[in-house]
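Peer 1: Put together the whole structure using the sequences plus the hints.
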Amino acid sequence: AQSVTQPDIHITVSEGASLELRCNYSYGATPYLFWYVQSPGQGLQLLLKYFSGDTLVQGIKGFEAEFKRSQSSFNLRKPSVHWSDAAEYFCAVDSIKAAGNKLTFGGGTRVLVKP
Amino acid sequence: DTAVSQTPKYLVTQMGNDKSIKCEQNLGHDTMYWYKQDSKKFLKIMFSYNNKELIINETVPNRFSPKSPDKAHLNLHINSLELGDSAVYFCASSQEGFGQNEQFFGPGTRLTVL
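Heads up: the protein sequence lines correspond to chains A and B, in order.
Take 7 as the starting number for the first sequence in my numbering and just add one per residue.
Take 4 as the starting number for the second sequence in my numbering and just add one per residue.
Note that these hints are calculated values from the structure, not bench results.
Careful: at least some of the hints might be erroneous.
[To be verified] For each label pair, taking beta carbons as the anchor points, the in silico distance ranges come out as:
#, chain 1, residue 1, chain 2, residue 2, range
1, A, Trp89, B, Ala6, 18 to 28 Å
2, A, Asp14, B, Gly31, 33 to 43 Å
3, A, Asp14, B, Glu61, 25 to 35 Å
4, A, Glu72, B, Gly31, 26 to 36 Å
5, B, Arg113, A, Leu52, 16 to 26 Å
Don't be surprised by glycine CBs; every beta carbon is placed ideally from N, CA and C.
Peer 2: Structure follows, in structure tokens:
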């Protein structure tokens, strides 16, 4: 069964500093990987996704993520954090079936941004 | 233009009641989903419908009954509400049910059972 682990429950970062959120997955084949962001009281918004090809993917809001098959990881990064990046971040893996894909989410990482 | 909308946004009710949450998407997608987010922010899929047909049912109690009158709507009816049903319920949709297609999420419905 697929699973996703986000080891960091909370991360506090100063505005302007870099950010890296860790994500490890367990899946039997090449996964489809996603990062979503959830602002307080809001739904989830897709930041970026990886299906195949270049292992470094660019997303919205200046985020990028790198797929490392050898480490079963898909870490999210941003070079310079803005106060508006304070949110909950979820990594997810999608099962690959003929139909009925379902996202399996990690537990989330809450990012706090200090001025 | 709201892509995926849910009503109501907040729902407070007593234990034992029956309630429904509605979801509509105007993206022309074929597949719709219900996810539950518990108090610890853990998100888990409950159901998935493709072209009005149930394709995923993740061992959810049968007090929960999804209904899809057409491709654009997926409603969630909950009978005999329990305290443990308190959560945020998210509806989502995607084009077809294949892994590479992004799921678009609604704003969520916060259900509180007293």
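Peer 1: Next step is simple, just say for each hint if it's right about the structure.
Peer 2: Cross-check of the supplied hints:
One distance hint, 18 to 28 Å for the beta-carbon pair Trp89 (chain A) and Ala6 (chain B), holds here, with the actual separation near 26 Å. Look at Asp14 (chain A) against Gly31 (chain B): about 38 Å separates their beta carbons, and that is inside 33 to 43 Å. Between Asp14 (chain A) and Glu61 (chain B) the beta carbons are some 26 Å apart, a value that agrees with the proposed interval 25 to 35 Å. Checked against the hint of 26 to 36 Å, the pair Glu72 (chain A) and Gly31 (chain B) passes, with Cβ atoms roughly 33 Å apart.
The beta-carbon spacing between Arg113 (chain B) and Leu52 (chain A), approximately 22 Å, falls within the hinted interval of 16 to 26 Å.
Of the numbered hints listed earlier, not one is contradicted by the structure.
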